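If you read the sequences in order, they're chains U and Y.
So for the first sequence, the working numbering puts the first residue at 12; every next one is plus one.
So for the second sequence, the working numbering puts the first residue at 12; every next one is plus one.
What the hints contain is simulated information worked out from the structure, not anything from laboratory work.
Model, not experiment: these values are computed from the prediction.
No incorrect hints appear here.
One copy or any two copies: either way a pair holds, since identical chains are not told apart in the list.
Below, computed lysine to aspartate or glutamate pairings styled on EDC-like, alpha-carbon distance capped at 20 Å:
id	residue 1	residue 2
1	Lys316	Glu296
2	Lys264	Glu311
3	Lys316	Asp259
4	Lys316	Glu303
5	Lys305	Glu263
6	Lys169	Asp182
7	Lys305	Glu223
8	Lys316	Asp260
9	Lys200	Glu235
10	Lys203	Glu235
11	Lys264	Glu303
12	Lys264	Glu309
13	Lys200	Asp98
14	Lys207	Asp260
15	Lys306	Glu223
16	Lys141	Asp116
17	Lys169	Asp135
Protein chains: 2
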Amino acid sequence: MSVLVVGTIALDTVQTPFGEKKDILGGSGVYAATAASFFGPAAIVGVVGSDFPQEHLEYLKSRKINTESIQTMAGETFRWSGYYEYDMNQAHTKDTRLNVLLSFDPKLTAEQKKSDYVFLANLDPELQLKVLDQLEEPKLIAMDTMDFWINSKREALKKVISRVDIVLINDAEARQFMETPNLPVAAAKIIKLGAKAVIIKKGEHGALLFSEGVHFSAPSYPQEMLRDPTGAGDSFAGGFMGYLAKTDDRSEKNIRRAIIMGSVLASFNVEDFSLERMRRLQPSEISTRFNEFKKFSEFEILEVKI
Amino acid sequence: MSVLVVGTIALDTVQTPFGEKKDILGGSGVYAATAASFFGPAAIVGVVGSDFPQEHLEYLKSRKINTESIQTMAGETFRWSGYYEYDMNQAHTKDTRLNVLLSFDPKLTAEQKKSDYVFLANLDPELQLKVLDQLEEPKLIAMDTMDFWINSKREALKKVISRVDIVLINDAEARQFMETPNLPVAAAKIIKLGAKAVIIKKGEHGALLFSEGVHFSAPSYPQEMLRDPTGAGDSFAGGFMGYLAKTDDRSEKNIRRAIIMGSVLASFNVEDFSLERMRRLQPSEISTRFNEFKKFSEFEILEVKI
Chain U
12 MSVLVVGTIA LDTVQTPFGE KKDILGGSGV YAATAASFFG PAAIVGVVGS
62 DFPQEHLEYL KSRKINTESI QTMAGETFRW SGYYEYDMNQ AHTKDTRLNV
112 LLSFDPKLTA EQKKSDYVFL ANLDPELQLK VLDQLEEPKL IAMDTMDFWI
162 NSKREALKKV ISRVDIVLIN DAEARQFMET PNLPVAAAKI IKLGAKAVII
212 KKGEHGALLF SEGVHFSAPS YPQEMLRDPT GAGDSFAGGF MGYLAKTDDR
262 SEKNIRRAII MGSVLASFNV EDFSLERMRR LQPSEISTRF NEFKKFSEFE
312 ILEVKI
Chain Y
12 MSVLVVGTIA LDTVQTPFGE KKDILGGSGV YAATAASFFG PAAIVGVVGS
62 DFPQEHLEYL KSRKINTESI QTMAGETFRW SGYYEYDMNQ AHTKDTRLNV
112 LLSFDPKLTA EQKKSDYVFL ANLDPELQLK VLDQLEEPKL IAMDTMDFWI
162 NSKREALKKV ISRVDIVLIN DAEARQFMET PNLPVAAAKI IKLGAKAVII
212 KKGEHGALLF SEGVHFSAPS YPQEMLRDPT GAGDSFAGGF MGYLAKTDDR
262 SEKNIRRAII MGSVLASFNV EDFSLERMRR LQPSEISTRF NEFKKFSEFE
312 ILEVKI
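Based on the sequences and whatever the hints tell you, model everything.
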């Protein structure tokens, strides 16, 4: 099965304790589609400006990502500029220039409208709604968002949530959005908005799955090599969706595995700037780390009479 | 096997979003010994002032905790006063009065000196060293500490670490102590000081075990009921040590189980103020939640060719 990703295509300027990189390839759609492409076919819906380097489009194509719904518009590509301090858990935005995103009107091809696995990456919820309106009976829709949309387009965001299966959101944003410090409570409130399940991404602390009567706590990865956290959540989502589409199994058991696979992709992505680690990543490395996650988290129950 | 706990016995004044309680039973030694007592015999070494309510000593005895090494000195009992804000992850200290702790000189009985399982709960590292000097060939020594000692008695603390098997420390303190935001790096540095293993307690995010070639990420508990986080780390340690002593098995597999058991006890303790939840806690509840942790964290590896 193929994964359809709708999201941003960006030129990022990023500063971390490991260096500063200017106008590097980024964007929620790019990270997610690239991570998904390790598992099978992926397509990306997005927009770039006339300044967007052709080599980046070539890279996406080299990953067998369908780029026919990437629109090129006059003007500049979406740009994000930010930095991470010492602890690297929190991105600090210096500048966001929506540029061509401001007039973006996503159009799916006839084939893309029939997609079974759809990921609405972090993007204006009104654009996410426009994509939802074009879909015909997908098997699974997941979405992500960020504080910017929680603050500025709360109602549209709620509408999106009511129409998707799985909400991916980071811990700080879940707390902020649902106005509670308690993550299980925040998750329950998001589910009440109409989603079937919520996955809370906690960065270095792993990820949590909440659904009616279901809870799963995915282990954290002991990340010694962390150069640039940009795109961690998007590559998590891409790995998650890619694995689900590849296996075409939406059981809770398989969703748990997909969360681990998402964690694996994210753990690689943060090892270098932009998509650099993804460019070097080998399928065998993915399998090895997937097995490591099992070792990191397993324990046996031994009943002891107390 | 019995667990010997050395730590504080306190009268706490605690404010959380769920209320304020004045001069309630607390202290690292009390929480740890109480949690350990669910698994078998425990003893507590500590000091109280002449103002310490007899009923608290009776409570400890009712838990079959050996109190003969609790010294009663003229003066006031150690008092801690603090509050938790909205997110309850961080304790804010209003006032610490060491009182009788200032002249405390821990003395172990002949039997206690032969203890096999020893927990040096959060306490002045110089007092922890005095206890270490009295021990004869224990099977396992674990310790805990806090930012106050990291700042004020760094060298004594390093000496304690070099003489114990397992260091328990919370995430913020591990980062601060080892001057790195990276938890795996902080853990490696603590192990270099001479401990065999490090357990990093992450509150709502679970716990991590690091040792030479070993990593374990214990799941977080979806804690909806959280009234007072005071003593969470100490009850974690007590559950951990109590389970190890009960099973008398120091293999890595069993240490993983003991970490889960520590997480179980901590998750109950925070459901109410002081030791209130511990007073009501039934062994069957412990077993049930222990099994829940397994369900929260399990996933199966399914090899998928990518």
